[in-house]
Every structure is written in structure tokens, then in C-alpha cells.
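Letter by letter, the chains look like this.
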Amino acid sequence: MKHAVHTVRPWQLVLFLAPALLVYTLFSAMPLAQTLAQGFFSADENGKAVYAGLENFRTILLDPDWSAGFWNAMVNNARFFAIHMLLQNPIGLALATLFSLKGLRGARTYRTLIFLPTLLSVVIIGFIWQLILSPLWGVGEKLMGFAGLAGLFAPWLGQEETALTTLSIVSVWQYIGMPMMLIYAALLAVPDEIIEAAHVEGAGAMRIFWQIKLPLIYPTLGLVTILTFVANFNAFDLIYSVKGALAGPNYSTDILGTLFYRTFFGYQAQVGNAYLGSAVATLMFLVILAGVGLYFVAVQRRLTRFAL
Amino acid sequence: MTVIAMKPEYPVTPVAPAQAGSTRIDFGRLMVHAALLAYTALALFPIALILINSVKTRAAIFDDPLALPSMESLTFGGFVKVIDSTNFLHYFGNSLIVTLLALFCIVLFGAMASWALSEYRFMGNRLLTLFLALGIMIPIRLGTVSILELMVRLDLVNTLTALVLVYTAQGLPLAVMILSEFMRQVPAELKDAARCDGVGEVKIFFQVILPLIRPAIATVAVFTMIPAWNDLWFPLILAPSESTRTVTLGVQQFIGQYVTDWNSVLAALSLAVIPMLILYALFSRQLIRGLTAGAVK
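If you read the sequences in order, they're chains A and B. Using my numbering, the first residue of the first sequence is number 29, and each one after it goes up by one. Using my numbering, the first residue of the second sequence is number 5, and each one after it goes up by one.
Mixed in with the good hints, there may be bad ones.
[As the list claims (entries may be wrong)] Interface residues of chain A toward chain B, partial, derived using beta-carbon atoms under 10 Å:
#, residue
1, R37
2, L45
3, F55
4, S56
5, F127
6, L147
7, V150
8, V167
9, F264
10, F292
11, Q296
12, A297
13, Q298
14, V299
[As the list claims (entries may be wrong)] Chain B is nowhere near these chain A residues, computed Cβ spacing over 12 Å in every case:
#, residue
15, A96
16, G97
17, G134
18, G179
19, L266
[Stated by the list, open to error] Covered stretches of chain B (in silico footprint by chain A; criterion: 3 or more residues with CB under 8 Å from a CB of chain A, positions within the stretch not fixed):
#, segment
20, 79-90
21, 94-103
22, 133-143
The hints are simulated quantities; they were obtained by calculation from the structure and are not laboratory data. Cβ atoms here follow ideal geometry from the backbone N, Cα and C, with glycine treated the same way.
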């Protein structure tokens, strides 16, 4: 930054910045801002947009026809996130810790193979598990039979009580590769000298993990948490491909993404409404913003990056 | 300090402690392998199951789903039906065009912007960096209502251009962050040498810097191409027509129509998976290196 500050001419700067800023502003930043603004409008009888204040938000949050649906989606989404935090990230951490062990044979192969599902489309993964869990095919039941658990098998995707949990686990199964890789990269960055020194001092593998490696990768765990949060509260594809826009049975798998889609485009008898849809998007924006804000204030600030 | 000072006193390979606990360590390693093997099986089994059953007859699919296809049960009927009744290759081409064009735009535009932001000091630099960084955390999907309206006005609905533009906008923020980090590591001597020879700034970027960032392209590609290739939302909303359908949308629609035809469903899933498996087999090393390099930064 210190060198050659004066050699660049304004037109050159504009040339470098223009394409990226133009595409980003036009197709990402502005639509987002417009959507947020549109949540405060509604259509009059001629279809013209008129300012409506907080009317849309009042409808979604308080109107009996709408609020039950919204809060249902919100709670489901929170459960979806909780299951990812309870399963995906701890298992990802465990796997990354195991194959980052020094001199483990076949570590690269494990890493490559376990990452594979993350690469595939959610749509494909959703259908694959739908087939496996289908009582029609019976593969799931057969497999559980090997463990003597065939009696426990149930059409989990079809039952109101279990559908959301099942879909969450499918999503965990697919996306475990992401936290795994991020944590693995962080573990690689832990200097060997520290580990060796601890080893020499007589610390066991467990102690090295809990007292040295884990504290050193806290910043990455924070990052993984917020990435999971944003991805989960923005999820849509899996529910839509397995359960359709109606997120059945009886909306038990409805999350904010599917609610947004239905509100905007309509379904069955209900006509789509761009203004109410925008208001749902605004609420999703606020949820994500709250999460990201909390992350920066509470997590990022307290975690000093270790100078590795 | 003490730790580092002590280190040379010990041999690099601590022979004695390793031998003392060798049986215990081997047992531990065995458990590690068992755990990793078990999870690997869990990760691969569902995909293998689909591939195996896609080439079996309907009867064999249901009678013994876990069996490999035998001479009697081998059939490619599902594949024939999918290829005959859909433009699968065309969908595949669409996905390829969209993701590659988006990647090209993201790398080129992203590199130009990160060069400007990391190399030059000017008013508004920090503000622009922040503005772009916003896009990393806030999903572009939330702006869909207005993106659709904009695409209608630009007459871009049901074109691949619409998807390329959206994916470029989606990928740019993260690409700028990754590439900026990379550009700060380009040695100053290299740039100064070119400047002393009187080479202009634009030429320096295109002839000195751009060729240097090739290793970073892998990282950018991982984080931009995979989400774009697998996306269902924007193809569904912006380009659902037959001629612009991507693989992901095509498979979703096909399976929606043929739910009860198991041969076709399994074949369609396999057709979507196989190209990815081949690409992954070829590029997994670069991909994983890109992924971990991006995270360590």
C-alpha cells in the first residue's frame, strides 16, 4: 500500500472496480435493498404500490391467519439449526481431529471420500434419502434388520413428529464436509512444535486435544457456527425437493425459505403476494443480521486470534 | 520461550516413549481407522446404493436392493428412458455454460477489484471493501423478489444470462476477499521492477498479477462453482423453461413427474451424480487444497 500510490490514475481505478461493483450492486445489493423497502408497501385495488408502513409485518406476525404459519416456520428453522449444531459440527470436529493425527495412513483418502456428499446437489441427496427411507423399497428397514432394529423402522419422512428431524439429519449427513474441512485446515495450522513439546512433557492425546488444539481453533469454530447459522436460516432446496413448497406433512417441515417461496409465488388457492413476500424476506434478513451481529460482538471480539 | 528452547534437547523421533506404549498406540490407531472407515461407509453407501440399483430390473431393485446386478438383472432401461424423454445432455450443457461463465466473470472482475482495493490507497477504499464484504454474510436469495422484477424489465427471464449474472453477483464478495489476501502476498519487488521499466498499471495487472493468481483460482472455484452448479432456487425462479433448464432443476422436475417409475428415477439420479464423480476423481486434490488454503488464508 505504501508504494506507488501516485502512479494510478482515477480512470484506471474506475476501470478496475467498475465491473465487479456494477454486477454486485445491480444484481445483489440493490435488489436486496429494494426487497427490504418493498416490505413496507402493499398494492391498492389498481395494483399500484402504496406505502403501508408496518402493515405487512403486522399481518405476518400478528394476524391469526399468518402468524401461526410464520412462527411455525421460525421454530422449525431454529430446530433445524439446533440439530446442525448438535450433530454436524461436533462430528465434523471429531472427523477432522482424527484424520489430522500425525502420520495416519490413508488420511487423504478418508478426507476425499467423506467430503463427497457435500459436493452433490441437495436435490439429488434429498431424493436419494427419500428412496432409502421409503417403506415401499424397504432398504432402510432391511439395513436396520442387520442390527436387529427392524422393528424400530418407521416412515420417518412421512410422520409429522419425525419429518423435520429426519430432514435435518439428511442435511447434516450432506454438509458435514464443510465444517470438517474448515476445522481440518485450522488444525493443520497448529504448529507442530507446540504439540511435540506437550507430548514431550507427557501430555496424552486427549489432553493435547482438549487443552491445546481445541482452544487454538476456537476462532474457526466461531466461524463454522455463523456459517451454519446463515446457511440454515437461508435453506430451501432440501425441503422443497423432498416435501414440495407445502413442506408437509401438515407444514411440519416448513422453514423460513419455503414460507418465503409460498408467500411470494402463492400455492394452491392462495395468490402470491410480492409485498408480503418481501416482508418475509425482510424478517429473514433481520434474523440473519441478528445472528451475524451477535457473532461479531460476542464471539469475534472475545476471541483474540492467536498469532500462529 | 522455554518450550522452544527445550526442543533441541530431545531427538526428533522420541524412540523410547513410542516403544514403551507401542501396543497401546497401535490399538488407538486401530480404533481411529475403525471410526473413520465406519463414517466413510456411511458417507458413500447411499450413493453406491443408487448407482448399483440404477442398472437393475424393477424386480431386482425390490427383491434384493443390496445385491450387485447379475447377468439376469442387468438393464439400462432407466437410462434409455431418461435420455429419450428429456434433454439431459442439454441440461448438462446449460449447467456447464452457466457455472463456467460465472466462474470466469467472478475471477476476472473479482481479481480486478481486489487489485484496486489491495494495491491503491484512495478515498472510499474501506467503505467499498465493507460494502462488498456485506455480500458474504447476507444471502442474495433474500433479494429474489426484486431480482425477478429486474430480470423481467431487462427481458432476461428464461435466459442463461440471468443465471450467470446472479451467480457472478453471488460469488464476487467472497472471491474479492480470497483474492485480496492473495494479492497482498505478491512481492513488491515484482511490481516495482515493472514500474521502473515504465509499464502502466493496467498492463501490470493483466501481464504480471493476473498470471500469478492461478493457484487462488482453485479456491475461488470451489466456493463459487459448487453452489452455482447445485442451486435449485434461481433456475426454478429465473429460468425454468425447457431450453434453459440446468441439471439440478431438470432432475428435480423429471423425478417429480416419474416418481413411481423407479428405474427412471434411479437412472436420473445416477446421471446427475456420475459426471460429478468423474470430475471429483480428476480434481479432488486441487479442490481440497483450494478448500483448505482458503480457510487458512
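Now the hints, each set against the structure:
At a threshold of 10 Å, the smallest CB-CB gap from R37(A) to chain B is about 8 Å, leaving the interface hint in force. At a threshold of 10 Å, the smallest CB-CB gap from L45(A) to chain B is about 5 Å, leaving the interface hint in force. The beta carbon of F55(A) comes within 4 Å of a beta carbon in chain B, closer than 10 Å, and the hint placing it at the interface holds. The beta carbon of S56(A) is positioned within 10 Å of a beta carbon in chain B (closest approach about 4 Å), and the interface hint is therefore held.
Taking 10 Å as the C-beta contact cut-off toward chain B, the hint placing F127(A) at the interface holds, the least distance being around 6 Å. Because the smallest distance between the Cβ of L147(A) and any Cβ of chain B comes to about 6 Å, under 10 Å, the interface hint for this residue holds. With 10 Å as the threshold, the beta carbon of V150(A) comes within range of chain B, its nearest partner Cβ sitting at about 6 Å, so the hint holds. Hint status for V167(A): holds, given a least beta-carbon distance of 5 Å to chain B, under 10 Å.
About 6 Å separates the beta-carbon of F264(A) from the nearest beta-carbon of chain B, less than 10 Å, and the hint is met. Residue-level restraint check for F292(A) holds (minimum Cβ-Cβ distance to chain B is 6 Å; threshold 10 Å). With a least beta-carbon distance of about 16 Å to chain B, the hint placing Q296(A) at the interface is violated under the 10 Å criterion. Checking A297(A) against chain B: minimum C-beta separation of about 21 Å lies over 10 Å; hint violated.
Hint on Q298(A) is violated. Least Cβ distance to chain B is approximately 16 Å, over the 10 Å limit. Because the beta carbon of V299(A) sits about 15 Å from the nearest beta carbon in chain B, more than 10 Å, this interface hint is broken. Every C-beta of chain B lies more than 12 Å from that of A96(A), the closest at about 23 Å, which supports listing it as non-interface. Look at G97(A): its CB is around 18 Å from the nearest CB on chain B, clear of 12 Å, so calling it non-interface holds up.
Distance check for G134(A) against chain B: the nearest CB is about 8 Å away, which does not clear 12 Å, and the non-interface claim fails. No beta-carbon of chain B is positioned within 12 Å of the beta-carbon of G179(A); the least distance is around 19 Å. The Cβ of L266(A) sits about 9 Å from the closest Cβ of chain B, inside the 12 Å cut-off, so the non-interface label is violated. Taking a C-beta to C-beta cut-off of 8 Å, the segment 79-90 of chain B contributes 0 residues in contact with chain A, too few for the three needed, and the coverage statement is violated.
Three residues within the 8 Å Cβ limit are the bar, and the segment 94-103 of chain B against chain A gives 0, so the coverage statement is violated. For the segment 133-143 of chain B, the proposed coverage by chain A is satisfied: 7 residues have a C-beta within less than 8 Å of a C-beta in that chain, meeting the threshold of three.
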